[in-house]
Structures are given as structure tokens and as C-alpha cells.
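**Q** Here's the letter readout for the chains.
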Amino acid sequence: MTRCLALCLLATLPLLAQPAKFDAAAVERGRTQFKSSCGFCHGDDATGNRAPDLLRATSLSHDTDGDTLGPIIRNGRPDQGMPAFNTLSAAQLADMVLFLHKQAYDALHSASVPRDYPLKKLLTGNAAAGKAYFEGAGGCAACHSVTKDLAGIASKYTPLDLQQRMLYPAGPGRRTATVTLPGGKVMEGRLVHADEYEVAITAADGWYRSWPAATVKVEIHDPLAAHKAQMPKYTDADVHNLFAYLVTLK
Amino acid sequence: MKQLLACALLLTLSGAAADKEWPTYNGDFSGRRYSSLSQINQGNVNQLTLAWSAQMRGATVKSTPLVVNGIMYVTTPDNVWALDARTGRTVWHYLRESKGDHIGQRGVGMYKDWLYFETPDCHLISLNAKDGTVRWDVELADPKLGYFATMAPLVVKDHVLVGVSGDVTDIPGFLDSRDPETGKLQWRWFSEPKPGEPGSETWPKGTDAILHGGGMAWITGTYDPESNLTYWGIGNPNPVLNGDGRKGDNLYTCSIVALDVGTGKLKWYFQPSPHDTHDWDAVQTPVLFDDTVNGVRRKFLAQGSRNGYFIVLDRTTGEHILTKPFIYTNWSSGIDSKGVPRPKAEKEPKPDGVLVSPGSDGATNWMAPSYSPDYGLFFLSARRLWSVFYMTTDAGSKPEGWAGRDRNLFAESVLEGIDYKTGDIKWRKELGDGEAVAGILTTAGKLLFTSDNAQNLVALDPATGKTLWHVPVGGAMAASPMTYELDGRQYLLTPIQNVIFAWALPEKPVK
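Residue numbers (my numbering), protein chains in the order written: chain A, 1 to 250; chain B, 1 to 511.
The hints are simulated quantities; they were obtained by calculation from the structure and are not laboratory data.
Every residue, glycine too, gets a C-beta built ideally from N, C-alpha and C.
Watch out, some of these pointers could steer you wrong.
Pair by pair, the computed Cβ-Cβ distance ranges are [unchecked claim]:
id: 1; chain 1: B; residue 1: 204; chain 2: A; residue 2: 25; range: 33 to 41 Å
id: 2; chain 1: A; residue 1: 208; chain 2: B; residue 2: 47; range: 28 to 36 Å
id: 3; chain 1: A; residue 1: 225; chain 2: B; residue 2: 262; range: 34 to 42 Å
id: 4; chain 1: A; residue 1: 109; chain 2: B; residue 2: 97; range: 46 to 54 Å
id: 5; chain 1: A; residue 1: 24; chain 2: B; residue 2: 90; range: 50 to 58 Å
id: 6; chain 1: B; residue 1: 244; chain 2: A; residue 2: 208; range: 47 to 55 Å
id: 7; chain 1: A; residue 1: 91; chain 2: B; residue 2: 263; range: 52 to 60 Å
id: 8; chain 1: B; residue 1: 53; chain 2: A; residue 2: 218; range: 26 to 34 Å
id: 9; chain 1: B; residue 1: 204; chain 2: A; residue 2: 24; range: 47 to 55 Å
Stretch by stretch, here's where chain B covers chain A in the computed footprint (C-beta under 8 Å, at least three residues) [what the hints assert, rightly or not]:
id: 10; stretch: 48-60
id: 11; stretch: 111-124
id: 12; stretch: 161-167
id: 13; stretch: 229-235
Please build the complete structure, drawing on both the sequences and the hints.
**A** Rendered as C-alpha cells:
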């Protein structure tokens with residue numbers, strides 16, 4: 001399914017409608033309790049072992065504050081070999097139910113990379129090899145300098161954003177255009193729009209100007225063209241080495 | 001000869017209604033989205049003018065409207081409108097507010113005087129086409145498990161074929177055949193085989209992976225009356241980006257399947273993306289067309305698949321004919337003897353990120369393709385899309401849901417005219433930065449209609465991709481254009497965001 005689809009889902013699915021605020025202490029109490037009472041069969045993380053994966057269970061999907069799970073835990077399911085846990089206090093039961101909902105919530109929200117994704121997961125490359133790529137095959141040094149525009153770059157972005165921006169920094173907003181008008185006059189400016197039928201720039205004087213594309217000659221300058229051209233040339237090792245090098249630019 | 005061939009095709013592939021109408025999601029059973037109407041043609045398309053427009057309140061129109069007996073049926077999530085196809089005026093409006101995912105609604109199916117409509121909370125509802133009153137309402141799947149529904153039902157004889165959506169939880173996909181009179185289940189085909197059945201060997205043994213494997217049929221399929229087979233694209237497996245718990249090809253996810261309409265039995269399958277870990281479902285319309293090759297009439301099925309490969313099959317037997325990439329991809333180690341692009345293990349998502357083309361949004365997606373028998377060309381909205389895929393599951397824990405994500409770097413869209421005989425791209429037309437979402441219509445007027453990413457509605461020469469007409473419409477077309485004829489006048493219909501524009505030639509011919 002699509003990115004948009006997942007985002008919309010996060011906003012609209014009723015089972016996600018509750019805010020993502022779980023009492024962390026209660027979840028941890030529930031985790032400990034679950035592990036000791038249920039983990040042997042359902043797995044310590046409730047994803048199943050000898051007994052089913054509870055994160056995929058209808059009983060959890062339909063539960064609100066223990067109204068479905070509570071009776072199952074207290075009474076057991078003798079026909080399916082599940083014993084009754086009738087000595088648990090109401091508070092212990094509530095903590096366990098909260099823990100299960102937190103586990104399910106996390107699975108439902110696994111369609112994103114967390115903003116605080118840890119550097120150590122990304123840092124698998126070799127910085128020296130990355131430096132060699134930067135100065136050599138990658139062609140990075142043709143436009144960039146580690147003592148000028150990239151000085152301190154690793155301190156400016158989260159590790160995840162740094163890796164992404166290293167590969168492709170931004171949208172199309174940095175493009176400029178040189179437009180030659182029918183009389184030979186040349187205008188330059190930031191490119192606002194260009195398609196087969198029309199071109200528009202913000203000229204040096206700050207005014208928006210547009211022309212039918214067929215009436216003018218247009219040269220578009222894209223400073224990110226080299227980033228695009230590099231995509232099919234990268235190996236994943238190049239990407240990780242280069243990233244390891246940029247991480248040293250603090 | 002071409003006209004004769006086109007007529008023969010319409011007889012075999014179109015529904016009961018004449019092609020002046022648009023009685024089903026794709027216009028006819030073939031999925032070609034090719035209309036034999038030619039009043040609007042290359043000679044006069046630059047005279048197109050606005051016949052009417054209609055504002056549908058609320059969400060973007062992503063549906064393809066039906067037109068039957070002068071009435072148009074158009075949808076958004078929770079909403080069905082009947083409009084006068086001559087003026088756009090509302091005849092009736094049905095609203096059923098629901099919980100569930102409201103990402104889109106792709107249209108209704110029709111049988112006799114009845115409509116069939118799927119809802120965000122996974123109900124299938126039959127409405128009286130005369131007044132929009134509810135005839136019956138059945139639940140297809142439990143929305144609390146993560147199912148929702150968007151697709152336009154396909155009505156074949158006395159079968160209403162419906163699929164559902166959902167892949168943020170690990171739930172099995174299926175295709176239902178429902179009784180048009182009662183909504184009762186006639187058969188259900190599950191996207192995963194039962195343990196022990198053929199295909200189950202493509203899943204790990206001794207785990208619950210096969211029971212939760214995903215595979216939603218969320219785009220309308222096609223149908224061949226001669227063989228009584230219906231063709232569907234099946235969605236991606238779950239967990240979506242982490243395949244460690246489901247080693248194997250994971251049939252019948254990311255597959256094209258041929259099912260007998262009467263029984264729901266699988267006749268053949270072809271899997272464009274075995275063991276998918278990039279969200280590249282294979283739901284894109286399986287387009288049916290016939291052609292005469294070396295004096296022999298052949299029956300084809302073609303798909304531009306989300307993974308970046310154009311595929312042609314013999315639709316009677318499932319025999320593979322052609323597999324060829326339509327954009328640059330870097331995830332496959334090669335095409336095997338069965339025509340299947342095999343995935344490289346090193347391009348599966350990893351914790352430190354893997355650079356892949358295309359990204360999870362796909363080299364193409366739900367946007368309707370088109371096939372024109374006049375040119376032998378398959379038209380496709382494609383994307384050059386690069387993305388970094390991260391597998392976020394902690395080592396040693398069981399992946400659930402998506403268990404990872406990719407982050408897009410950039411996207412460029414391009415319209416392609418593909419020669420089905422060779423897979424060669426005869427022409428490309430740049431659509432602009434970003435991900436195009438507009439579908440395609442071709443007509444016997446030798447025209448191709450779609451929209452670019454700069455909000456221009458365009459008519460192109462299908463032979464070359466050259467623009468013959470364009471108009472900036474101030475919004476995106478997130479649906480597919482369609483056409484119909486009423487009172488002897490051909491209309492081109494284009495939903496633009498929440499506004500429907502109906503275009504036609506001037507009522508009095510321009511001299």
C-alpha cells in the first residue's frame with residue numbers, strides 16, 4: 001500500500017484513535033507480570049510461542065480496557081489448554097492489558113522510521129573508504145568542501161536526516177533558469193514553474209514573470225543534478241562508507 | 001481490419017451494455033480503458049469545451065464513475081451520488097458515515113437496478129440505483145483487525161466480486177464472490193493457501209506466517225467471458241518490509257491469479273514479485289487484449305507491475321511471454337526461466353538502509369493503465385523513484401505489521417507507450433517532479449487522455465505522445481478519465497480533486 005495510505009491509516013483507524021500515551025511505569029509492570037504469568041506460552045513479547053501471537057488476536061483487537069481480555073485471563077480457556085489466572089489483582093490485570101495494547105500499538109506504528117533512529121544502526125561503513133569516495137569516485141569534492149559548506153554537517157542533522165540529505169538534499173526549489181526572450185533579452189532567476197507549456201521565474205528584481213514555453217528559450221540549472229545522476233552508481237557500501245565519513249564532520 | 005478486430009474485441013470483452021455507456025469500473029471487462037467513441041478525435045480535440053461541472057463536497061474523487069441509462073454514479077468514501085449525466089445535477093445522494101480508513105473510494109459495481117458499494121469499515125452495501133435506498137448491508141471483514149475497503153466491485157453474471165484492503169496489521173487477504181440479490185457468500189478465495197495445499201511450500205513450516213500473510217485484492221480485476229476466468233492482482237505479504245519470518249516466495253501474494261468465476265478455483269498464477277519486502281503489490285490492472293500474431297489469434301494479459309516490470313502472459317494458460325523493466329530498477333538478480341524477476345537478498349531492507357529503485361510507492365501504482373488496439377501500445381504512468389529502505393525490527397524479536405519503512409529521496413513521473421510485443425518503450429513523455437496519480441483513457445478518436453504533475457489535463461497522440469490539447473485545471477486528477485455518449489454527444493469526464501469536469505465539443509459545430 002502507499003505511504004499516504006499508511007499515514008491516513010494512522011490518523012483514522014479506530015483502533016489507533018487513542019492517543020499514543022501509555023503510562024510507561026504501568027507498561028513495564030505489565031511486561032514483567034506478563035512474562036512471569038504468560039510468557040512461557042505466548043512469548044515474553046506476546047508474539048507467540050506454544051500459544052498464539054496475541055498481537056494478531058481478535059481478542060486484543062476488540063478489547064477496551066480489559067473488557068474482552070480480562071475474563072479470558074481470569075477464567076482461562078480450558079478447552080484450548082489455557083489455565084485460569086484468577087489470583088491476579090485488578091491492578092496486575094490492568095497493567096498486563098496495558099502492556100498488550102502497547103505491544104499492538106507499536107506493531108501498528110511500525111510503518112515509519114523513528115526520528116531518533118540511533119546512529120549506531122546506521123554506522124556500518126568505513127570512514128576512510130568514505131573519504132576516498134568523497135574525494136574520488138563519488139565526485140562529491142567537485143561541488144562540496146568538508147571545511148566549507150559541509151563543515152560541522154554532522155552536528156546539524158539527526159543521523160537519519162544526514163544520511164537522507166547526503167543522498168538527495170531537498171526538493172526542486174533551488175533550480176534557476178535562464179530565459180531568452182524573443183527579442184534576445186536574457187532574464188535569469190529562481191525557477192518557479194516549468195512544464196511543456198509554460199515557464200515562470202522570480203527574476204532578480206523580485207517580480208514573478210511567466211511566458212508560454214514555445215515563445216522563449218529556457219535553460220534550467222539544477223544544482224542537484226549530480227545527486228540524481230549518482231543514484232545508479234552507488235553501491236550500498238559506498239552509501240554507508242560515505243555516511244561514516246560525513247559523521248566525522250562535527 | 002483494425003476496426004473489425006476492435007469490434008470483435010468489444011463483443012468478447014465488453015459487458016452487456018453498449019460502449020456509449022460506462023457500466024463497470026474499467027468501462028468493460030477487459031481493463032483496457034479503450035473507448036470506441038470517436039466523435040472527439042485528433043481533428044477537433046482542440047475545440048473541447050466545458051459541458052458541465054459538479055462539486056462533490058468533501059474528499060477527493062478517486063473513483064471512476066459509471067454511466068448507465070443517462071445516470072452517472074460517482075463515489076467518495078462513505079458517499080455515493082447519482083448525477084444526471086447531461087448536466088451533473090444530483091439525482092440522489094447516499095451518505096453512510098463510518099469509521100475506518102478513508103483514503104479513497106474507487107467506485108460502484110452495477111447489476112440490473114442495483115449498485116454495490118464498499119465502505120471504510122469493510123461493509124458491502126447494495127443500493128437501489130433508482131433512489132439510493134439500501135437493499136442490504138453485509139460485513140466483508142472485521143475492521144478492528146485492520147481491514148478496510150476502497151475498491152469498486154466487479155459484477156460478472158450473477159457474481160459480485162469484491163476484495164478488501166489493509167496491511168498495517170498481519171491479516172490474510174481474500175477475494176469474495178457474493179450473491180447480487182442477497183449479499184451471501186458464494187465462494188471465498190484466500191490469498192494464501194491452507195497449510196499442505198499447493199503453494200504452501202513457499203511459506204515456512206511450523207509458524208503462523210502463512211495464516212497472517214497479507215495479500216489484499218484492492219484494485220478491480222478483469223474477466224474473459226470465453227474462458228469464464230477472472231483475473232486479479234494480489235497485494236503484498238505481511239509483515240511488509242521484513243521477510244525474515246516468511247522465508248520463501250510467499251504465494252499468492254504479489255501475484256496475478258486466474259480464477260474460475262463459477263467456483264473460485266485457481267486456474268493459474270504468475271508472481272511478479274516473489275518474497276516481496278518492498279510493498280510492491282501486484283494489484284495493477286491485469287489488462288486483457290487479443291491480437292493476431294503470425295496469422296494466429298492470441299489472447300494476452302499484460303500488467304505494468306509496481307516493481308517496475310512490464311509483463312505479458314497468455315491469459316488462457318498463464319504461459320509467460322515477456323518480462324521487461326519499464327524503469328531502471330536495481331533490486332533483481334535477473335529474470336528466471338519462468339519470466340519471474342528474482343529478488344536480490346542484499347536489496348531487502350536493512351537496519352543501516354538500502355538504496356532501492358523504485359521506492360515502496362512503486363514504479364507505478366493504482367493509476368489505471370490503458371491499451372489501444374489501434375497501436376498495439378500499452379500506456380502506463382511510471383515513476384523514477386529512489387528510496388532508502390530501513391528494517392527497524394530489533395534483532396531477535398518477531399516482526400509485526402510493517403516492521404520497517406523506506407524514506408523517499410526523489411521522484412519523477414513519466415508516461416510511457418510500451419510495445420507489448422517487445423516491451424520496448426516506443427515513447428516517453430515527462431510528467432514532472434513527484435509521483436503522478438492520474439489514470440489513462442484511450443479512444444478510437446486516436447486520443448489518449450491523462451493529466452501531468454503540473455495540473456494540466458492533456459490529450460496526446462497515442463502514436464507519439466505529442467500534446468494535442470491541454471488545459472491547466474488547478475488541481476490534481478487522482479482518478480482516471482472516462483468517456484460516454486448521451487444524446488449523440490460524446491463527453492470526456494475528468495475528476496479533478498473534488499470537482500468533476502465534463503468536456504464535450506461545442507453544441508453547434510465550430511466552422
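**Q** It remains to establish, for every hint, whether it holds in the given structure.
**A** Outcome of the hint check:
1. B:204 with A:25: 33 to 41 Å: holds, 37 Å
2. A:208 with B:47: 28 to 36 Å: Hint holds: Cβ distance 31 Å, inside 28 to 36 Å.
3. A:225 with B:262: 34 to 42 Å: violated, 56 Å
4. A:109 with B:97: 46 to 54 Å: violated, 26 Å
5. A:24 with B:90: 50 to 58 Å: holds, 52 Å
6. B:244 with A:208: 47 to 55 Å: holds, 53 Å
7. A:91 with B:263: 52 to 60 Å: holds, 55 Å
8. B:53 with A:218: 26 to 34 Å: For residue 218 (chain A) against residue 53 (chain B), whose Cβ atoms are near 33 Å apart, the range 26 to 34 Å holds.
9. B:204 with A:24: 47 to 55 Å: violated, 34 Å
10. 48-60: This one holds; 6 residues, not fewer than the three required, reach chain B with a Cβ under 8 Å.
11. 111-124: Three-residue rule met by the stretch 111-124 of chain A, so holds; n is 9.
12. 161-167: holds (count 3)
13. 229-235: As far as the stretch 229-235 of chain A goes, the hint holds, because 3 residues have Cβ atoms under 8 Å from chain B.
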